[in-house]
Amino acid sequence: MAITTLSSSVTSGSLIERAKSFGMDAKETDGADVQAVWDAAKSAIEHARKGDGPSYLHFHCRRPEGHFLGDLLIRIVRHPVKELKEQVGPLLKSVTKKKGTSLGERTGSLARISSVLGKTFKSQLFKDKDPLETLRQKIVSDKERLKIIEKEVTEEIQAVVKKALHMNDDQAGRNIK
Amino acid sequence: MKTKSFAQSIESALAQAMADDDRIIIMGEDVQMIRVNLFSRFGKERVLNTPISESAFLGAAVSAALSGLKPIVEIMLVDFIALAMDAVLNHAAKVKKFSGGDWRVPLVIRTACGGGYGDGGQHEQSLWGWLAHIPGLSVLVPSTPADAGGLMLTAIEHEDPVVYFEHKLLADYWLDYMGGNSRKTVTFDIPPEGAHGPVPNEWEAIPMGQAVARREGKDITIISVAVGVHRSIEAAEILEKKGVDATVIDLRSISPLDKEMVCESVAHTGRLIVVDEDYKDFGLSGEWAAVLSEAGVSFKFARVCTDDTIPYARDLEDQTLPNTEKIVKSALRLMKKTDS
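Protein sequences, first through last, are from chains D and Y.
For the first sequence, position 143 matches number 143 in the working numbering, and the numbering has no gaps at all.
For the second sequence, position 119 matches number 119 in the working numbering, and the numbering has no gaps at all.
If we strip away everything but chain D, and leave its shape as in the complex, we get (with noise of 0.2 Å):
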């Protein structure tokens, strides 16, 4: 699929049925679960071990960001007064010219457009898909494992951070002439 291509509508089938009919096992997946994730792999790495062939796993995934960092669809749904001003004018101005195709295409359209709107805005209201507050709220219970892998994570991306901003011009591949 594209960035506003449904897969439904550009494939026949389903992938997993395409997947089943190579013989293989297929099973789909919540990618924002990192625990399901952890679990379908293993099952799927244990099958192969054994010598039972490859397996096919599908894992739904949100993209919290556009593709772009600046796509046009999340910053209307973040900013819609702002965003929408600029495009209504000239999406009226077209749609009502004079030669062109028929009302009902026309109108076919604009609700295709008010759909991948609808669909974008929807995405961004499920923020629960975020892969760490899915972990953190299944082991919460947990508040002394928490913690550590809390703290594993934070000293892990500091060091980095660090690494990073103490690189000399050489390191950084900054003196190439």
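I should point out that these hints are in silico values taken from the structure, not numbers from a laboratory.
We put the CB at the ideal spot given by N, CA and C, even for glycine.
Among the hints, a few may not be true.
Said to hold, decoys possible - Computed list of lysine to aspartate or glutamate pairs in EDC-like fashion (alpha-carbon distance at most 20 Å, straight line): (1) K99/D to E202/Y; (2) K99/D to D20/Y; (3) K184/Y to E65/D; (4) K151/D to E133/D; (5) K97/D to E45/Y; (6) K82/D to E193/Y; (7) K99/D to D22/Y; (8) K143/D to E133/D; (9) K98/D to D315/Y; (10) K99/D to E11/Y; (11) K97/D to E11/Y; (12) K119/D to D30/D; (13) K97/D to D20/Y; (14) K85/D to D172/Y; (15) K241/Y to D258/Y; (16) K99/D to D307/Y; (17) K98/D to D20/Y; (18) K93/D to E11/Y; (19) K85/D to D176/Y; (20) K97/D to E202/Y; (21) K4/Y to E86/D; (22) K44/Y to D22/Y; (23) K97/D to D315/Y; (24) K85/D to E11/Y; (25) K97/Y to D160/Y; (26) K93/D to D20/Y; (27) K242/Y to D219/Y; (28) K280/Y to E237/Y; (29) K98/D to D176/Y; (30) K98/D to D21/Y; (31) K329/Y to E234/Y; (32) K99/D to E45/Y; (33) K93/D to E202/Y; (34) K98/D to D219/Y; (35) K184/Y to D172/Y.
To be verified - Some chain D residues well away from chain Y (every beta-carbon gap over 12 Å; in silico): (36) S14; (37) K20; (38) A40; (39) K42; (40) D52.
Starting from the known structure of chain D, fit chain Y onto it as the hints suggest.
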């Protein structure tokens, strides 16, 4: 005279052409949203979303062209045309010759190119020289809003395949998509006269292969396309203050080349600088050295091109791409003058 942005000019020319000829269709990834104004007016039968599969949809566009349509197929960034090269190289470009002219492929490949906004070497290439190398393809590269619209009509009216380039520093919506102002550490050097400017009331096709002199001078000829034209004009203004009088020629078309205009100019000035954002080796700049030598023109030669893979970091990127300073230095060297 009206004024428009570079991107508005392309869209306006497309709308005019699509209203006049219902064989014209647009195909590409997300085009129903990227070309939302055209989609709302011409509908889903003429503005077709495709999956991310350049080889599949460019191949389909070649077949559509052979079947009587006039497809404008969008390869989002020219870097990704590599995925579809079989359809371009072995089919679109060959059908006319292989059929003795009985079959034509009236296909436009519209594609964004160029760097200067920090997006790395696999998103910022120009590759027009690579494509112009193939017989059977025409390659157009506008540098102003007026040429962006006019050359789009040229491409559409042509009966054989045309690759139409739009530089991302000139087409404002591309920079918006790529992060625009949200990338606080990245700055862009956008040539204002390339991004916005006067346009005709009604679009007319510009004859293919016709360059235009943006500035006349007697000492040195500088030739370029796209953003390079604006960098060259800026360099010529600096050179004027240093006593060097430069001609700047905007090629507009890389295949075919306006050999007559350039040969005439270089025969007059005796010096040529090719400013090319595409790669230096085996490309447009070397081609000009050959064309002028074959024409028996005596001249001094220099080139300001992209020498290597374009780095992601903006400061390193600036060192790699052609810029005004490099053009000035190169010109002074040819004139045997020191930079003071």
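Results of checking the hints against the structure:
Distance hint between K99/D and E202/Y is fulfilled; the C-alpha atoms sit about 16 Å from each other, no more than 20 Å. Pair hint K99/D plus D20/Y holds up; C-alpha atoms about 8 Å apart against a cutoff of 20 Å. Restraint check for K184/Y and E65/D: the C-alpha separation of about 17 Å stays at or below 20 Å, so the hint holds. Between the alpha carbons of K151/D and E133/D the distance comes to roughly 16 Å, so the proposed pair stays at or under 20 Å and holds.
A C-alpha spacing of about 17 Å is found between K97/D and E45/Y, which places the hinted pair at or below 20 Å, so the restraint holds. Restraint check for K82/D and E193/Y: not satisfied, since their Cα atoms lie roughly 26 Å apart, outside the 20 Å limit. Restraint check for K99/D and D22/Y: the C-alpha separation of about 10 Å stays at or below 20 Å, so the hint holds. Of the supplied pair hints, the one linking K143/D and E133/D holds, its CA atoms being roughly 14 Å apart against a limit of 20 Å.
Proximity of K98/D to D315/Y is assessed by CA-CA distance (about 49 Å); at most 20 Å being required, the pair is judged violated. With a C-alpha separation of about 15 Å, the suggested pairing of K99/D with E11/Y holds against the 20 Å cut-off. At most 20 Å may separate the alpha-carbon atoms for a hinted pair to count; K97/D and E11/Y meet this at roughly 14 Å. A threshold of 20 Å between alpha carbons decides the hint, and for K119/D with D30/D the separation of about 18 Å falls inside it, so the pair holds.
For the hint pairing K97/D with D20/Y, the CA-to-CA distance comes to about 13 Å; that is within 20 Å, so the pair holds. Among the hinted pairs, K85/D with D172/Y is consistent with the structure: their alpha-carbon atoms are about 17 Å apart, no more than 20 Å. Between the alpha carbons of K241/Y and D258/Y the distance comes to roughly 29 Å, so the proposed pair goes past 20 Å and is violated. The straight-line distance between the Cα atoms of K99/D and D307/Y is roughly 48 Å, outside the 20 Å bound, and the hint therefore fails.
For the given pair, K98/D sits about 11 Å from D20/Y by alpha-carbon distance, which is consistent with the 20 Å threshold. A hinted pair counts as satisfied when its Cα atoms are at most 20 Å apart, and K93/D with E11/Y qualifies at roughly 13 Å. With a CA separation close to 15 Å, the supplied pair K85/D and D176/Y stays within the 20 Å bound. Restraint check for K97/D and E202/Y: the C-alpha separation of about 16 Å stays at or below 20 Å, so the hint holds.
Distance restraint check for K4/Y and E86/D: the Cα-Cα separation of roughly 15 Å lies within the 20 Å cut-off, and the hinted pair is therefore satisfied. In summary, the hint linking K44/Y to D22/Y is supported, as the alpha carbons are separated by about 13 Å, within the 20 Å threshold. Only pairs whose Cα atoms come within 20 Å are accepted, and K97/D paired with D315/Y is rejected, the gap being roughly 46 Å. Only pairs whose Cα atoms come within 20 Å are accepted, and K85/D paired with E11/Y is accepted, the gap being roughly 19 Å.
Of the supplied pair hints, the one linking K97/Y and D160/Y holds, its CA atoms being roughly 11 Å apart against a limit of 20 Å. Restraint check for K93/D and D20/Y: the C-alpha separation of about 18 Å stays at or below 20 Å, so the hint holds. Of the supplied pair hints, the one linking K242/Y and D219/Y holds, its CA atoms being roughly 12 Å apart against a limit of 20 Å. The hinted pair formed by K280/Y and E237/Y fails the criterion: a straight-line CA distance of about 25 Å is larger than 20 Å.
A C-alpha spacing of about 30 Å is found between K98/D and D176/Y, which places the hinted pair above 20 Å, so the restraint is violated. Of the supplied pair hints, the one linking K98/D and D21/Y holds, its CA atoms being roughly 14 Å apart against a limit of 20 Å. Restraint check for K329/Y and E234/Y: the C-alpha separation of about 13 Å stays at or below 20 Å, so the hint holds. With a CA separation close to 15 Å, the supplied pair K99/D and E45/Y stays within the 20 Å bound.
Among the hinted pairs, K93/D with E202/Y is consistent with the structure: their alpha-carbon atoms are about 17 Å apart, no more than 20 Å. Using a Cα cut-off of 20 Å, the hinted pair K98/D and D219/Y is violated, with the two alpha carbons roughly 52 Å apart. Under the criterion of a C-alpha separation no larger than 20 Å, the hint pairing K184/Y with D172/Y is consistent with the structure, at around 17 Å. Taking the minimum C-beta to C-beta distance to chain Y, about 15 Å, the non-interface status of S14/D holds against the 12 Å cut.
No beta-carbon of chain Y comes within 12 Å of the beta-carbon of K20/D; the shortest separation is about 22 Å. At roughly 25 Å, the least C-beta separation between A40/D and chain Y is larger than 12 Å, which holds for a residue marked as non-interface. Distance check on K42/D: its Cβ is at least 31 Å (rounded) from any Cβ of chain Y, clearing the 12 Å threshold; non-interface status holds. The Cβ of D52/D lies farther than 12 Å from every Cβ of chain Y, with a closest approach of about 32 Å, so its non-interface assignment holds.
In summary, the numbered hints that this structure violates are 6, 9, 15, 16, 23, 28, 29 and 34.
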